[in-house]
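Asks: The chain contents come next:
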Amino acid sequence: MYHRLSIRQKQIVWAWAFLAVPIAFYVVIRFYPTANAMAISFQNWNLLGDRTWAGWANYAKLWNDPVFWKVFRNTFVYLLIGTPVSLVISFAIAYHLDRLRFMHGFLRMLYFLPFMTTAVAMAWVWRWFYQPVPIGLFNNVLATAGIPQVEFLRSTTLALPAILAPAVWAGLGFQIIIFMAGLRAIPRSYYEAARIDGVSNWTILWEITLPLLKPTIVFIVVFSSIGFLRIFDHVFNMTTNDPGGPLNATKPLVLMIYQSAFTDFNMGYAAAQTVVLFLILLIVSLVQLRILRDN
Amino acid sequence: MGSAVAQIRASSKTLLASGRPRTSASTGQVIRWLILFIGGVLMVMPIAYMISTSLKWPHEIYNLALVPNEPHLENYTYVLEDGRFYGWFVNSLVIATITTISNILFDSLVGYTLCKFRFPGRYIVFIAILSTLMIPTEMLVIPWYLMSQAFGWLDSYWGIMFPGLMTAFGTFLMKQFFETVPDDFIEAARIDGLNELAIWWTVAMPLVRPALAALAIFVFLGNWTAFIWPLIVTNSVDMYTLPVGLSSFGDEADVQWELIMTGAAISTIPTLVVFLIFQRFIIRGVVMAGLKG
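Sequence order for the protein chains is G and U.
The numbering used here numbers the first residue of the first sequence as 1 and each following residue consecutively.
The numbering used here numbers the first residue of the second sequence as 1001 and each following residue consecutively.
Since the hints were made in silico from the structure, they are not lab data.
All of these numbers come straight from a predicted model, not from anything done at the bench.
Among the hints, erroneous ones may be present.
Unchecked claim - The calculated label-pair distances, taken between Cβ atoms and stated as ranges, are:
#, chain 1, residue 1, chain 2, residue 2, range
1, G, Leu279, U, Asn1069, 52 to 58 Å
2, U, Glu1070, G, Tyr32, 33 to 39 Å
3, G, Ala60, U, Ala1065, 55 to 61 Å
4, U, Leu1133, G, Gly146, 50 to 56 Å
5, G, Met38, U, Trp1158, 21 to 27 Å
6, G, Ile291, U, Tyr1078, 42 to 48 Å
7, G, Pro132, U, Glu1070, 21 to 27 Å
Virtual Cβ for every residue (Gly too), placed ideally from N, Cα, C.
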């Protein structure tokens, strides 16, 4: 039977045979759960009792929940500080590292190493750094210099940047490597021509390097933004005694989702938050692509 | 990211050659080197302090010195003694390894099929798989949890692994790389009478080995460090992965920071060692995966 098929028909048979298991996987493990999450967001359900139709009630509750707005704000603070800071630092390092030959590989290794670490482990290391004297490294350094103590993780204003720091730190290596690849791709003849014309280094940077690097910049901005909007591991592990504290000052949306679903077992409410997260990620990515691609 | 790919494709090879050729070492270059060196040392400081503290006695952790006065391995003996860390290590290793193998096989098979076969529905399948990239994992954890609960997958290896057995990222990456395999090779193998499965495995796969390695690095690292889903799906201490175990251990150890640092070192050192051995290879893989995926 198979032998009577044409070459083209055989190909179709093989293609679907190869795709059968993966398609089943994507339908059951990706598409069905996506639809399911959306459906649950319109239900009232605490995992044990009955599922009842709730209409827009979960979304209305979210809209009127002051904690949600605090969390919403935090999530964007992570994004709006984290993305520009890591972009500028990683570009500055890549730009200068690209111009060095002496022990180039060694320096690159130093900068890349943090990318290979586990976020949970490093969150605990940084948490130790932030402890008050006599334990914490930072406060010990401050004490030696005669500067007053800083209560990093117990402060409602400083805790968020303190948690963001290791997240930025861990991502720098990846961004530096990508930037260096982008810099290498710019033809050297452009620089030589500019130098012959007597253009300053600063002008070369702004008029040649950065415009030609735009595809790389777009990639890094979108990629790191998605990461900061989904921050969880660092926050959870640096505030385990009061996740997202003090006073919700560090709580991002993913942590609120986790608590609503797996501490309060309010599945409908948590699902509504995941839909909001999905929309935020979608809108932020589209806006960034639009702005960065246009001008 | 098509244009970024085009821009960088040419450069991924030269990246690993040492820096741009420069003539004399001017004062500016020396200062630049020094600043970058200090920055690099600061970058590895958290890792250095983690390892250093794991080798210190409790009374010494307040000492800022990087080199312990009396380095010892007692903390490691103590932390590994009750066997929990050993178990978590094995769990993480098994889960990350199986998931990596699964991704290597399925992502490349799907990428290959979408790239080299012509059949009705090809475009729709491709777009459908690609569209899953937009769905954040966090949106799926609740349905996955309910599914695991219904089928009894909670607190098992399968429960931890099933969401990551295939990824759209890997499929897309492999499809991009199979574009570089000439159709003539596949056609020639067909004329030689090889079946399609054998062509994929013996002809096409060896030609994309660098891409497979890049995919393996990303998938393994991603699963080794994964936290939120293993945290949700596991209940018993025995089933924890290293990150989940470390998180609970950190709470339990309270102020015994030298023990927490030891636990952190146990979960970090393996990937660091692997990186130091295959450094060039891994950096190239990261660039490839980052830009093509």
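Asks: It remains to establish, for every hint, whether it holds in the given structure.
Replies: Status of the hints after comparison with the structure:
| no. | hint | result |
| --- | --- | --- |
| 1 | G:Leu279 to U:Asn1069: 52 to 58 Å | holds (55 Å) |
| 2 | U:Glu1070 to G:Tyr32: 33 to 39 Å | violated (58 Å) |
| 3 | G:Ala60 to U:Ala1065: 55 to 61 Å | holds (57 Å) |
| 4 | U:Leu1133 to G:Gly146: 50 to 56 Å | holds (52 Å) |
| 5 | G:Met38 to U:Trp1158: 21 to 27 Å | holds (26 Å) |
| 6 | G:Ile291 to U:Tyr1078: 42 to 48 Å | violated (54 Å) |
| 7 | G:Pro132 to U:Glu1070: 21 to 27 Å | holds (26 Å) |
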